[in-house]
Structures are given as structure tokens and as C-alpha cells.
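**Q** Listed here are the chains, written in short residue letters.
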Amino acid sequence: MRTAARKPLFYAAIVLLVLFTTLPVLYAVITIFKRESELYRFGSNPFLYETSPTLDHLIYLFTDTAFPTFAMNSLIIGLLVVAITVALAVPAAYALARLTGHWGERSGMAIFLVYLIPPTLLFIPLFRIVVALGLANTIWSLVLVLPTITIPFCTWLLLGFFRSVPPQLDEAALLDGCTRLQAFWKVVLPQALPGIGACIVFAFSLSLSNYIYAVTFVSESAARNISAGVPTELIRGDVYFWPSLMAATTVVAIPLGIAYGLLFDYLVRGFQSAGAGGE
Amino acid sequence: MAILTTRALKKHYGRIIAVDGVDMETRDGELLAVLGPSGSGKTTLMRMVAGLEEPSAGELFIDGRSIVGVPPRSRNIAMVFQNYALYPNMTVRDNILFPLRARKMPPDEQRRQLDWVAGILEITDLLDRRPTRLSGGQSQRVALARAMVRTPDLFLFDEPLSSLDAQIRSQARGELRELHDRTGITTLYVTHDQTEALGLADRIMVMEKGTVHQIGTPQQLYYDPADTFVAGFIGDPPMNLLPLDGRIIGVRPEHFHLAAEAPNDEIALALDIEVEHLEFLGAEWLIYGVVRRGVTEQRRPPRVIGRLRQAAMPTLATGETHHFVVTRRDACVFDPETGQRLSQAKVAVA
Amino acid sequence: MTTGREDSERPDGALARLALALERPRVLGALLLAPAVLYVVAFVAVPFFIAIALSVSDATVGKPQIDTFVGLDNFLAVLDQSGFRLALRNSLLITTLTVLILLVLATTAVELLARDFRGKRLVQVLFMIPWAMPVSLSAITWLWVLDSQYSPIDWVLVQIGLLGPGGTFGPSWNLFYLGREGLAIASIVLVDVWRTLPLATIIVLAGRLSIPRERLEQAQLDGAGFFRILFRIIIPALAPVLTVAILFTALLVIGEMSTIALLTRGGPGHSTQILPLWAYLKGINSGDLGQGAAIALFLFPVLLAAAIVALRFAYRAGKD
Numbered sequence: 001m002r003t004a005a006r007k008p009l010f011y012a013a014i015v016l017l018v019l020f021t022t023l024p025v026l027y028a029v030i031t032i033f034k035r036e037s038e039l040y041r042f043g044s045n046p047f048l049y050e051t052s053p054t055l056d057h058l059i060y061l062f063t064d065t066a067f068p069t070f071a072m073n074s075l076i077i078g079l080l081v082v083a084i085t086v087a088l089a090v091p092a093a094y095a096l097a098r099l100t101g102h103w104g105e106r107s108g109m110a111i112f113l114v115y116l117i118p119p120t121l122l123f124i125p126l127f128r129i130v131v132a133l134g135l136a137n138t139i140w141s142l143v144l145v146l147p148t149i150t151i152p153f154c155t156w157l158l159l160g161f162f163r164s165v166p167p168q169l170d171e172a173a174l175l176d177g178c179t180r181l182q183a184f185w186k187v188v189l190p191q192a193l194p195g196i197g198a199c200i201v202f203a204f205s206l207s208l209s210n211y212i213y214a215v216t217f218v219s220e221s222a223a224r225n226i227s228a229g230v231p232t233e234l235i236r237g238d239v240y241f242w243p244s245l246m247a248a249t250t251v252v253a254i255p256l257g258i259a260y261g262l263l264f265d266y267l268v269r270g271f272q273s274a275g276a277g278g279e
Numbered sequence: 001m002a003i004l005t006t007r008a009l010k011k012h013y014g015r016i017i018a019v020d021g022v023d024m025e026t027r028d029g030e031l032l033a034v035l036g037p038s039g040s041g042k043t044t045l046m047r048m049v050a051g052l053e054e055p056s057a058g059e060l061f062i063d064g065r066s067i068v069g070v071p072p073r074s075r076n077i078a079m080v081f082q083n084y085a086l087y088p089n090m091t092v093r094d095n096i097l098f099p100l101r102a103r104k105m106p107p108d109e110q111r112r113q114l115d116w117v118a119g120i121l122e123i124t125d126l127l128d129r130r131p132t133r134l135s136g137g138q139s140q141r142v143a144l145a146r147a148m149v150r151t152p153d154l155f156l157f158d159e160p161l162s163s164l165d166a167q168i169r170s171q172a173r174g175e176l177r178e179l180h181d182r183t184g185i186t187t188l189y190v191t192h193d194q195t196e197a198l199g200l201a202d203r204i205m206v207m208e209k210g211t212v213h214q215i216g217t218p219q220q221l222y223y224d225p226a227d228t229f230v231a232g233f234i235g236d237p238p239m240n241l242l243p244l245d246g247r248i249i250g251v252r253p254e255h256f257h258l259a260a261e262a263p264n265d266e267i268a269l270a271l272d273i274e275v276e277h278l279e280f281l282g283a284e285w286l287i288y289g290v291v292r293r294g295v296t297e298q299r300r301p302p303r304v305i306g307r308l309r310q311a312a313m314p315t316l317a318t319g320e321t322h323h324f325v326v327t328r329r330d331a332c333v334f335d336p337e338t339g340q341r342l343s344q345a346k347v348a349v350a
Numbered sequence: 001m002t003t004g005r006e007d008s009e010r011p012d013g014a015l016a017r018l019a020l021a022l023e024r025p026r027v028l029g030a031l032l033l034a035p036a037v038l039y040v041v042a043f044v045a046v047p048f049f050i051a052i053a054l055s056v057s058d059a060t061v062g063k064p065q066i067d068t069f070v071g072l073d074n075f076l077a078v079l080d081q082s083g084f085r086l087a088l089r090n091s092l093l094i095t096t097l098t099v100l101i102l103l104v105l106a107t108t109a110v111e112l113l114a115r116d117f118r119g120k121r122l123v124q125v126l127f128m129i130p131w132a133m134p135v136s137l138s139a140i141t142w143l144w145v146l147d148s149q150y151s152p153i154d155w156v157l158v159q160i161g162l163l164g165p166g167g168t169f170g171p172s173w174n175l176f177y178l179g180r181e182g183l184a185i186a187s188i189v190l191v192d193v194w195r196t197l198p199l200a201t202i203i204v205l206a207g208r209l210s211i212p213r214e215r216l217e218q219a220q221l222d223g224a225g226f227f228r229i230l231f232r233i234i235i236p237a238l239a240p241v242l243t244v245a246i247l248f249t250a251l252l253v254i255g256e257m258s259t260i261a262l263l264t265r266g267g268p269g270h271s272t273q274i275l276p277l278w279a280y281l282k283g284i285n286s287g288d289l290g291q292g293a294a295i296a297l298f299l300f301p302v303l304l305a306a307a308i309v310a311l312r313f314a315y316r317a318g319k320d
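Chains as they are written, first to last, in the UniProt record's numbering: chain A, 1 to 279; chain B, 1 to 350; chain C, 1 to 320.
Simulated from the structure, these hints should not be mistaken for lab results.
Remember, it's a predicted structure, so these values are computed and weren't measured experimentally.
Each computed DSS-like pair below joins lysine-lysine, with the alpha-carbon atoms no more than 30 Å apart: (1) B:Lys209 / B:Lys346; (2) A:Lys186 / B:Lys104; (3) B:Lys209 / B:Lys10; (4) C:Lys120 / A:Lys7.
Work the whole structure out from these sequences, hints included.
**A** Put into C-alpha cells, the structure is as follows:
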């Protein structure tokens, strides 16, 4: 169908697209290994190494800053948020997809109304709740609050996956001697595993990404996560530790990017069945 | 083996009435086809029997015991779904064993049942495959095996042949019947395809708009339709319904006789029919025509379809008008108001 | 009921009755739904109403009790601030520009990614990086790229003679992307587009792949060219999905303050001030909780109305 002449054009467009999304990150990677003397030499080529590259800034990030603590905090927060999200969103999505009948059908869209409420509106009252619960300045404040962002989204995403499992499968299991919960567990859930995988990645990255709650609820360095810790710790007033900042950025971005990229098709499928196409 | 009884069974979804008061009873071990156009309530009826829908009103009994409110898993009813609903995450073996495991049957007994059912359905080679790697016919056998393996009281089939290719459908129909004769389990077979119902069932229940129009053997339905709906639904082409003197006369296509060749019998209808078009079907011809005289005058003359059971070219030609008669013995008389049958039954009640 | 059924259910009494209740879709459904709903109510709905109460009270950081009802005073006071008016304008301007550019880029990216080609996995990974990064980290990356002295973009412009003494853009060696009003807004739009393009693309791609292949093939057989197919078949079919994508990305952009907080801090002056950041500055830094809440709440009715209209449209169009 496509002529040979159009192929180079197509690949050129792909390359342009990828350059747009990756150039800043590529530049960040180059920066990590630059010596300060070269980095701040006016007029030097920012894309090449005129003096030999160095690992100093990367080592500095891991040995002389609180970055490892931030990373560990982010990891713990992320895993717990994922656990809470999956535990609550999976049953909720199944209920909406199968059990609540009429008004479950329209819920997909309604879930999104939650995101109309900006975090800038919520963080003041939430901060009070966090203080009242004695969780201020601990990672637990974020573990408690971040699922409010991930649960609606993951419920909606899973809703689409559950809807794409033929209801006859549950019904066959019911007739074959299962309770509704057994039918869900043994027959429906295995079909929706890709959706749950997508949810895990989403919940994890959303928990990592949130800035405003992380900045307001936690002011002690030891309890900060990457999102709030890196900008505050590695920027001292006017002094920016650029190579180390870039190292912190890419260390986080690359694994997450790979996870997202590998789940790309599942994400598309999730949106497809979740009613972006209008269900 | 069991007898299924329904009493004034109703189901409505909001204002939409799906099943509107069904009273019926199966015979022990029979294959009862539930036949009706889409939206007739036949699937809803079956889903209520399975326990997948709760009746809005009425009662359901198996062998005289009420099953309303009993969850599907405790009813010992097996169902074969239209799309077979094989569990895609399990092998064929695990699919078949699933109902046995759910009932916590001892493993050696499970194996015995599996061997038995796999042997009958000739699927022993397929046991380690995934359902996604089965053909339509194979999927159907596996679905049957999963339904049969626990020897249920009642079988429910939801259009199990409709997703098969036309070529293997009649073969599958024969196999289903053979299987039923072998197990003797009472079976409810939902279909919208009358060929399937007529060819397969001991008795047929015709439904439309949530109500039962007639229950009877295929012969009764064909020769003695209870009302104009059944008359116009059963048979391909269906019964011709012609108005005459405030009644409706039903005539099967094969019951038109050329006046010259008419049997020496009491005549119910005498018609002048203009032949419009002839259709060759191999062993028979269909004659499409317009009634020019012999029925109550209408704004548009009624069209009829006749059947000629011969392979040779008929002597009739398009555009000609011929005189046809129908004997009283072949004609069915209906009340035009209610659609109910007025004339005597022709087939002895079984 | 008849005895047979009760016989089979009686042995476990209350437990069996519970098990039976769990088979009822309504009961089980409510039970499975409850934890998620309660969670969202407790940590979204409750704070939301507290925030509304704050916005009509005179609460401050020093006196956080919501005890004095001041009506719409906070909203009126806020409207008088020049910073607020700039923030409102910028929020709307930045969001609109971002969404418009996104629509074009996402539709283009979708046409590329809807095809199969070698190395697609790698392209997908690289394409998703902007969205996978935490917002604050991507802001920092861009802060470095747009640095006032060492921006690599400036370096390139100097190399090709557009910048520096004798250059088209003036004698300076730098453009100061974040230091001039127009350029700063453009830079922020660029960062927002960069950050949300992957998400917008995924949403639109989902809709694009739902278009039946036959429809496209039919159009090809009918002799339609690439652009005719794009504008006559693909884009109309995508309308509901594009609506959802617009809504999604607009909400994401209009509610996010960390990009601007890290890139320009609203400056120079208040020229890149946006509503969420202004709310934060008023509510936390100046300690006026009531005004902060009023600012954050300001766009809510508009967004709600827009979202309902958009979702209804997408829902209806999707049903056809």
C-alpha cells in the first residue's frame, strides 16, 4: 500500500517526535558526567566532552546528599500506595463493572469529576487532617493521602479491563459451583492481570510524582521523598548543583520510562476499554 | 434427571417486561427447545432457571422443590453458553475439571469423570490445549464436556450452534441429539433457529413478547399451530394466512393443488393465483404468486408462496393465472381478532 | 418457600445466610465499592467542603478556626488583587495554548504510532519518558535546559548566527527564556506540552485504534487520499476521544503548580503567575487561608460545567 518514497518521511517524523520527548533528558545525561570547570565555561559546546567525563557528581549524589534517603522514602511510599490502591480499586472496579447494574455503567465518566478538585484546594484541609492524626512530617502522611489520587484513576482504568471480560465467564463459574467472590478470583481476575499491572505502574509513578502534598506535609529532610526532596536539597538558594540534579532526575526517569514504555499497549487498551472511546 | 416447572414466572427490567407470566413443565429426560425471535424472553427465562437473574414474580421448581433464591452453584444446573465461555486462562483439562474442583470432588473420582467425558466427546487429544487454540467445533465439545462432567439435573443450552460454521452445524446437531439420548438429562435448548428446534427437540415451546404461544411436538407445531403467530413463525416458508369470510385460513405452501389435480375432498379455498416468480431449490420449487380472486377483497391482494415437490420444471409460467384449491383437511382456521385457532387439531395429542 | 431449599441452607444458620446475602449483586457490589468510596469521601469530599468553608471564613494560619462567616468577602478581596487577575489570565492562556498545541501534536503522533514499524518498542519507551518523570524533576531538567547563561538552545542559536553580536535576535549571548514575559509564558507552555503529550497521545491513540479498519479501507477504495481520510474520517471519529483528551490535559495543566513554582516562581514580577501558585502564596506564605481557598476554588464552577458538557458530549458521540 505505502510507497517506498514515503517510508523515509515516516521514519523522519518518528525521529523528530522522539527527539522532542528525549532531548532534554539526553542533555541531562550529558550534564551528569561533565566537570564543573567545563560546564560553566562560557561558550563551550554543551553537547560534547572537551575534558574527560567524570563520575564525581553521580557519586556525590549517592554519598553526600540525602538522595538515597529520598529514594528509599519514595520507594516505601510508592509500594504502600500501590498496595492500598490495588486493594481498594480492584474490588470497586469489579463492583462497578458487574454488580451495581444501571448506575455502574455511567460511573466511568463520573469518577473523573474527582480530578476537578485541584490539590491546591485540598492541601490546606488535608494538612489539618494530617496534623490531627499526628502524621505531619512523616512519610505516613503521604501514604495516607496519595491514594486519593490513585484510587479513582485506577478504578476507572480497571473498570475498562473488567468490562472487556465477557460476563458469561463469571456466569459459567457461578453455575460450575463458585460463589461470586470465587468466580471473581478464579476466572475474572486472571483475565484482568494486565490491567492490574498497568495500575501498579500508574499508582507508583503518580505517588512519586506528586509535589504539592509532598512539599507541604513533610518539611523534615529525613522524611522527604524524591519529588519534594531533590529540588529543596540540591538547590541551596541560588546555588544549583546541576550535574547532581540531572543525575537524580535521570536515575528516576529512565526506569519509569522503561516501565511505561513496556506497558504502552496495555495503557492504550486500558483507555480503549475504559471508555475514552465513549462507553 | 429432573422435571422443571415454572408457575406465573415474570421478569421485568424497569418498565420493560421480558418474561410475562410463563407456566410450563418439562417432561423427565426430554429435550425441550425454547424457540422465539430475538427479544421474545427465551434467554431471560433460561437465565432465571439458571439463577443468573432473579424472577420479579412467580415460582420455579425442580422436581417440585422451589429454587427461587437458591444461588446458581447450589442448583446443579449446567449451561452451555452461546460463546461457550471457556476460561481462557486454563487448559481444556482444567476447564473441564473446574466444576468438579469447585465441588471438592476427590481427585481419583475427578480423573474418572474426566476420562469418561473426554472419551464420549472425543477430546482426549485436546486436554492440554488452551481454549484460544481450539476451533469452533472443538470449543463446543469442550463446553459440552464441562457441562456434562458433573452429571447435572438439568442442561441449559443457549444457542450453542449459532457460532459454528454452517457446514458443521447439522453434524453438531446430530451429535447433540445423540448425546442427549445417551445421558437422558432433561434439557432446555434456547434457539431462534426453527430448523434446529424442529430437528432436535422432543417438544418445542414457542415464545414471543414474554409469553408462551404453544408447547408441542414439532409435528403439532407444524400441522396444528395454536395461533397465527406460531403459524407464521414455524415452517420455511411459513404458513400462508388468507382472509375469508371473517376468518383467517392458514395454508401450508405444499397444500395448494391445481384445480385439475385436486384430491376428491371437501374444498376450503378456491383461488385464482397469478404466478409472479418461480424459485428452484433442488428437490422442490417455490411458487410466488398474488391471489387475484377467492379471498375477501382487500386493498392489496395477498401474496402467497406455494411449494411444488418435484425437481422437474413445473408447467406453470410467470405471468399466468391458475386456479388452485385447498382441501378442508389441510386448512387451519383462525380467529382474526385473537389469532387463536378455531378448527380441530389434526395430529393426535402425544 | 418450600422445605427443600431450607434444608440445604440450614446447617450453618447465620453464616449460610450471610453467604447467601453475598450472592446478591447489590449487597456484594455495595460491600466491594464501600472502601474505595469511603476513602475518597474522607480524603477528598470532606477536605473539599472544609475548603469551601474556609473560603467564606476569615481563617488565617495564625487563627485557623472556621468560626466567622464573611460571605464572599474573600472572593471580592481576591478579585481586587492585580496578581490574581494576572494569574487568572495566565492560567487560562497557558492552558488554552497547551491544549491547542497538544491537539495537533497528539493527532500527529497518533498517526505515527498507530502503524507497525521496526523498533516500535524503543520508540514507545522514549516517547513515554516525559510523562514517567515526576513533575518536579522534569521542571528541574527544563530549568537547566532554559538556563539564563548556559542554555544549550542559546549555544545552538549562537553557532548558527542567530544570537550574539550581529545576530538576528540581538547582540546578547542569551535569550533569557524565563526572564521575559512573553518568552517565559511560551517556555511554560512548551514544558507543559512536553510533559502531557504522552498522556494525550495515549488517549487519542486508544480512540484511533477503535476506528474499524474497514472504514479506513473503504475510504481508500473510494479514492480518498491521506489528508482526506485524516480530516473526513479519522478526526470526526476521534471527536469524543479528543474531547476527553482536552479535558484531561487541561485539568492536569490548570491544576499543577510545581512546573511554574520551580521554573519562574511566577516571575518576572507576577507575569507568569498562575492560580494554584497564587493560592499557595496567599494561603501559606501570606497565611490567609480564607483567600487561598477562595483563589483555588475560583475556577471550580467553570471547570465543573466544562467537564460535564465535555463528558456528556463524549458519552453521546461515543454511543453512535
